[in-house]
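J.: The residues making up each chain are set out below.
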Amino acid sequence: MKRYWLPSSMLLYRELLRFWRDKARVMGFAGAPFMFWIVVGSGYSDLARFLPGALVLTVMFSAIFSSMSLIDDRREGFLRSVLASPAPRLSIVLGKVGGGALLAALQTFAFLAVATLGGTLYPDANYAAIVGLIFLIALSFTAAGFVIAWLVPSTQGFHAIINLLFVPLWMVSGAVFRYADASFWVQWLMLANPVTYAHQALAQFLGINTNSNVPVELSVSLVAVGLVALLFAAAKVIRRPAERNL
Amino acid sequence: MIVLAENLDYHYQSGKQRFPLGRPKPVRGEVFLESASSAHALRQLSFAIESPSMVALLGPNGSGKSTLFRILTTILSLQKGAATVCDRDVAKDPTGVREQIGIVFQESSLDLQLTVRENLRFAGQLYGMGGSRLHDRVGRVCQLLGLEPRLDQLTKTLSGGLRRRVEVARALLHEPRLLLLDEPSTGLDPQGRLDLWAHLQRLHRQEGVAVLAVTHFLDEAELCERILILHQGQLATDGSPQTLREELGGEVVEIVTGHAEELAAHLAPKAGLHVARVGDVVRVECPHGASLIAQITQSHGEWIEELRMRRPSLADVYFHATGALFQP
Numbered sequence: 000m001k002r003y004w005l006p007s008s009m010l011l012y013r014e015l016l017r018f019w020r021d022k023a024r025v026m027g028f029a030g031a032p033f034m035f036w037i038v039v040g041s042g043y044s045d046l047a048r049f050l051p052g053a054l055v056l057t058v059m060f061s062a063i064f065s066s067m068s069l070i071d072d073r074r075e076g077f078l079r080s081v082l083a084s085p086a087p088r089l090s091i092v093l094g095k096v097g098g099g100a101l102l103a104a105l106q107t108f109a110f111l112a113v114a115t116l117g118g119t120l121y122p123d124a125n126y127a128a129i130v131g132l133i134f135l136i137a138l139s140f141t142a143a144g145f146v147i148a149w150l151v152p153s154t155q156g157f158h159a160i161i162n163l164l165f166v167p168l169w170m171v172s173g174a175v176f177r178y179a180d181a182s183f184w185v186q187w188l189m190l191a192n193p194v195t196y197a198h199q200a201l202a203q204f205l206g207i208n209t210n211s212n213v214p215v216e217l218s219v220s221l222v223a224v225g226l227v228a229l230l231f232a233a234a235k236v237i238r239r240p241a242e243r244n245l
Numbered sequence: 000m001i002v003l004a005e006n007l008d009y010h011y012q013s014g015k016q017r018f019p020l021g022r023p024k025p026v027r028g029e030v031f032l033e034s035a036s037s038a039h040a041l042r043q044l045s046f047a048i049e050s051p052s053m054v055a056l057l058g059p060n061g062s063g064k065s066t067l068f069r070i071l072t073t074i075l076s077l078q079k080g081a082a083t084v085c086d087r088d089v090a091k092d093p094t095g096v097r098e099q100i101g102i103v104f105q106e107s108s109l110d111l112q113l114t115v116r117e118n119l120r121f122a123g124q125l126y127g128m129g130g131s132r133l134h135d136r137v138g139r140v141c142q143l144l145g146l147e148p149r150l151d152q153l154t155k156t157l158s159g160g161l162r163r164r165v166e167v168a169r170a171l172l173h174e175p176r177l178l179l180l181d182e183p184s185t186g187l188d189p190q191g192r193l194d195l196w197a198h199l200q201r202l203h204r205q206e207g208v209a210v211l212a213v214t215h216f217l218d219e220a221e222l223c224e225r226i227l228i229l230h231q232g233q234l235a236t237d238g239s240p241q242t243l244r245e246e247l248g249g250e251v252v253e254i255v256t257g258h259a260e261e262l263a264a265h266l267a268p269k270a271g272l273h274v275a276r277v278g279d280v281v282r283v284e285c286p287h288g289a290s291l292i293a294q295i296t297q298s299h300g301e302w303i304e305e306l307r308m309r310r311p312s313l314a315d316v317y318f319h320a321t322g323a324l325f326q327p
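Chains A and B, in that order, are what the protein sequence lines are. Take numbering that gives the first Met the number 0: the final residue in the first sequence is number 245, and no numbers are missing along the way. Take numbering that gives the first Met the number 0: the final residue in the second sequence is number 327, and no numbers are missing along the way.
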């Protein structure tokens, strides 16, 4: 157990430490919810409906940018020393993904706190469930980012793949338009899109009437299954050769 | 047994273009192939390091020394043959090997945003160390490498030489039996180089750790107890610096001349001489330099522009073994 715990906790802590030492990142982290608050504070009637989508977007981008640290680690050579150590590969995945996800989740909590200040917007919200769910979503996106960062050698390539894959996933998750308003084939895309269920579950926990016949338990389970699959993929991919890893 | 290599064969496959996102899975492990072209890197290479000694691995570019380093550090999977490092099989028990060795890579693998202490502590945790054992070891390796005053400095503020020392300290944390270094002097100034090697020698003496260093410098190889010279994926020669020089014996005579080709052709058939031409220089290994010089000055005196004679140096041993001039 110690063999797993020590490397994982080290990599997680290092992720936080590196974040804290990078003052530009800290400023962005603290400033973004504040900017959001200025916009929200100026009045926006349909906010209640759009918040789940905004949260998914926030957690998605924060998580994916955190996972970019893998590319830095590779460039700086640090990854080499990690891979040449006897640390179990799964513990490396869990440490890196856990650290990135923790940062992404904290950022999203800040947004959530700003948006729901006072609590008048969502009287029926289940905040404990929301916090847990956001962690789950953050872990999933970070794991996905880990897999992509492992396979794509450059930052530019990473950005290209992210824009190609994740922005569309978010667009057809119900964050931009409702399921009922979509055309027939887009509805199928939405049903097949794992992000739809993340968005759906967030909306339901916030107490928004989504007119959906998917029970919230099923949505959360699907998100969890997605996370396990992505972690599995990350653990698989770390055993594979990748350009410039060593 | 520190290292045992038997009939190692390694062949780089070409085809970087075909697998832009990484190659298909080889036998096992995390592998990175940097060579884009197909090349036979190791051929039937066998050698053994039995006692914990200090060994230098020399060879021209493409001699296979980096491939060998990668195989011994479990970064590259074996293709053919067998290798054990510290009595663990590289192919069957790579994790076991990793626990027994400390690695210093050619390029920095430190986290420059962290302090020396953080770098060391984090590395220790990767090796499953924690608590008081880690604390004690961090103190000990810093004392060995003279890093105590730097412990809380950010690594990026350290000089190249000090960073290297941090890497050596990190490699020693988990008390490895073998320290593997890949051209550890890369990018260091002469003072930094001397300093690093003085530390390595002291570590070897005091801690009893075996050292295997790939190097580009003959004066560094001279400091080792044993030198392995690789050439075209095979072991060209193997022995202590002293023995290798003595084995070559006699003297080396170099004649600078505008008629190098003719002179070499004239000398080559003579018994006991080993003649080679390098540009305008005819290089002769011979048992009696003085008598050879007497002969040449008599027969071809008008061709000679310059004459040199010396006892064989390591560079000569290297030339003899590889047919290539030593170029650091």
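Hint data in this document are derived by calculation from the structure and do not stem from the laboratory. Heads up, a few of these hints could be off.
[As the list claims (entries may be wrong)] Derived SDA-like pairs: lysine to any residue, alpha-carbon spacing no greater than 20 angstroms straight-line:
(1) Lys155(B) <-> Ala23(A)
(2) Lys1(A) <-> Thr94(B)
(3) Lys1(A) <-> Asp181(B)
(4) Lys235(A) <-> Thr94(B)
(5) Lys155(B) <-> Leu15(A)
(6) Lys22(A) <-> Gly271(B)
(7) Lys1(A) <-> Arg132(B)
(8) Lys155(B) <-> Pro85(A)
(9) Lys91(B) <-> Asp71(A)
(10) Lys1(A) <-> Glu304(B)
(11) Lys22(A) <-> Thr156(B)
(12) Lys235(A) <-> Asp92(B)
(13) Lys22(A) <-> Leu113(B)
(14) Lys1(A) <-> His134(B)
(15) Lys1(A) <-> Lys155(B)
(16) Lys155(B) <-> Arg74(A)
(17) Lys235(A) <-> Ala90(B)
(18) Lys91(B) <-> Pro87(A)
(19) Lys155(B) <-> Arg17(A)
(20) Lys155(B) <-> Glu75(A)
(21) Lys235(A) <-> Ser76(B)
(22) Lys91(B) <-> Arg238(A)
(23) Lys91(B) <-> Pro85(A)
(24) Lys1(A) <-> Leu153(B)
(25) Lys1(A) <-> Ala90(B)
(26) Lys22(A) <-> Thr114(B)
(27) Lys1(A) <-> Thr156(B)
(28) Lys155(B) <-> Trp19(A)
(29) Lys1(A) <-> Thr114(B)
(30) Lys155(B) <-> Asp21(A)
(31) Lys155(B) <-> Arg238(A)
(32) Lys1(A) <-> Ser131(B)
[Stated by the list, open to error] Taking CB as the label site, the calculated pair distances span:
(33) Leu164(A) <-> Arg176(B): 43 to 53 angstroms
(34) Thr242(B) <-> Lys1(A): 39 to 49 angstroms
(35) Leu15(A) <-> Gly278(B): 55 to 65 angstroms
(36) Leu111(B) <-> Trp4(A): 46 to 56 angstroms
(37) Asp188(B) <-> Val130(A): 37 to 47 angstroms
(38) Ser290(B) <-> Glu75(A): 58 to 68 angstroms
(39) Leu164(A) <-> Gly278(B): 20 to 30 angstroms
Yeah, the Cβ is synthetic: ideal placement off N, Cα and C, and Gly gets one too.
J.: Decide, hint by hint, whether the structure agrees.
T.: Evaluation of the provided hints:
1. Our distance criterion of 20 angstroms between C-alpha atoms is met by lysine 155(B) and alanine 23(A), whose separation comes to about 18 angstroms.
2. Between lysine 1(A) and threonine 94(B) the alpha-carbon distance is near 15 angstroms, which keeps this suggested pair within the 20 angstroms criterion.
3. Between lysine 1(A) and aspartate 181(B) the alpha-carbon distance is near 30 angstroms, which puts this suggested pair outside the 20 angstroms criterion.
4. With a C-alpha separation of about 17 angstroms, the suggested pair lysine 235(A) and threonine 94(B) falls inside the 20 angstroms cut-off, and the hint holds.
5. Between the alpha carbons of lysine 155(B) and leucine 15(A) the distance comes to roughly 18 angstroms, so the proposed pair stays at or under 20 angstroms and holds.
6. At most 20 angstroms may separate the alpha-carbon atoms for a hinted pair to count; lysine 22(A) and glycine 271(B) exceed this at roughly 71 angstroms.
7. Restraint check for lysine 1(A) and arginine 132(B): satisfied, since their Cα atoms lie roughly 14 angstroms apart, inside the 20 angstroms limit.
8. Taking the CA atoms of lysine 155(B) and proline 85(A), the gap is near 26 angstroms; set against the 20 angstroms cutoff, the hint is violated.
9. Restraint check: the Cα-Cα separation between lysine 91(B) and aspartate 71(A) comes to about 31 angstroms, which exceeds 20 angstroms; the hinted pair is violated.
10. In summary, the hint linking lysine 1(A) to glutamate 304(B) is not supported, as the alpha carbons are separated by about 71 angstroms, beyond the 20 angstroms threshold.
11. Simply put, lysine 22(A) and threonine 156(B) have alpha-carbon atoms about 18 angstroms apart, close enough for the 20 angstroms limit, and the pair holds.
12. For the hint linking lysine 235(A) to aspartate 92(B), the alpha-carbon distance of about 19 angstroms falls within 20 angstroms, and the restraint holds.
13. Taking the CA atoms of lysine 22(A) and leucine 113(B), the gap is near 14 angstroms; set against the 20 angstroms cutoff, the hint holds.
14. For the suggested pair lysine 1(A) and histidine 134(B), the alpha carbons sit about 16 angstroms apart, so the restraint of at most 20 angstroms is met.
15. This hinted pair does not check out: lysine 1(A) and lysine 155(B) have alpha carbons roughly 30 angstroms apart, beyond 20 angstroms.
16. About 15 angstroms separates the Cα atoms of lysine 155(B) and arginine 74(A), which keeps this hinted pair within 20 angstroms; it holds.
17. Distance hint between lysine 235(A) and alanine 90(B) is fulfilled; the C-alpha atoms sit about 19 angstroms from each other, no more than 20 angstroms.
18. For the given pair, lysine 91(B) sits about 15 angstroms from proline 87(A) by alpha-carbon distance, which is consistent with the 20 angstroms threshold.
19. Taken as a hint, the lysine 155(B) and arginine 17(A) pair is honoured in the structure, with Cα atoms around 13 angstroms apart against an allowance of 20 angstroms.
20. At roughly 12 angstroms between alpha-carbon atoms, lysine 155(B) and glutamate 75(A) fall within 20 angstroms of each other, so this suggested pair holds.
21. For the suggested pair lysine 235(A) and serine 76(B), the alpha carbons sit about 17 angstroms apart, so the restraint of at most 20 angstroms is met.
22. As the CA atoms of lysine 91(B) and arginine 238(A) are separated by approximately 15 angstroms, the hinted pair is consistent with the 20 angstroms bound.
23. Taking the CA atoms of lysine 91(B) and proline 85(A), the gap is about 14 angstroms. The hint holds against a cut of 20 angstroms.
24. The straight-line distance between the Cα atoms of lysine 1(A) and leucine 153(B) is roughly 28 angstroms, outside the 20 angstroms bound, and the hint therefore fails.
25. At most 20 angstroms may separate the alpha-carbon atoms for a hinted pair to count; lysine 1(A) and alanine 90(B) exceed this at roughly 25 angstroms.
26. Between lysine 22(A) and threonine 114(B), the direct Cα distance comes to roughly 17 angstroms. Compliance with the 20 angstroms bound is thereby established for this hinted pair.
27. Using a Cα cut-off of 20 angstroms, the hinted pair lysine 1(A) and threonine 156(B) is violated, with the two alpha carbons roughly 33 angstroms apart.
28. For the proposed pair lysine 155(B) and tryptophan 19(A), the alpha carbon gap of about 16 angstroms is at most 20 angstroms, so the pair holds.
29. The straight-line distance between the Cα atoms of lysine 1(A) and threonine 114(B) is roughly 24 angstroms, outside the 20 angstroms bound, and the hint therefore fails.
30. Simply put, lysine 155(B) and aspartate 21(A) have alpha-carbon atoms about 14 angstroms apart, close enough for the 20 angstroms limit, and the pair holds.
31. The hinted pair formed by lysine 155(B) and arginine 238(A) fails the criterion: a straight-line CA distance of about 30 angstroms is larger than 20 angstroms.
32. Taking the CA atoms of lysine 1(A) and serine 131(B), the gap is near 15 angstroms; set against the 20 angstroms cutoff, the hint holds.
33. Range check, leucine 164(A) to arginine 176(B): Cβ separation about 46 angstroms, and the 43 to 53 angstroms hint holds.
34. At about 46 angstroms, the beta-carbon gap between threonine 242(B) and lysine 1(A) stays in the expected band of 39 to 49 angstroms.
35. Restraint check, leucine 15(A) to glycine 278(B): a C-beta distance of roughly 59 angstroms satisfies the suggested window 55 to 65 angstroms.
36. Hint check: leucine 111(B) to tryptophan 4(A), Cβ distance near 26 angstroms, so the stated range 46 to 56 angstroms is violated.
37. Checking the proposed 37 to 47 angstroms range against aspartate 188(B) and valine 130(A) shows it is violated: the Cβ atoms sit about 54 angstroms from each other.
38. Against the hinted window of 58 to 68 angstroms, the Cβ-Cβ separation of serine 290(B) and glutamate 75(A) comes to about 59 angstroms, which satisfies the hint.
39. For leucine 164(A) and glycine 278(B), the Cβ-Cβ distance of about 58 angstroms falls outside the hinted range of 20 to 30 angstroms, so the restraint is violated.
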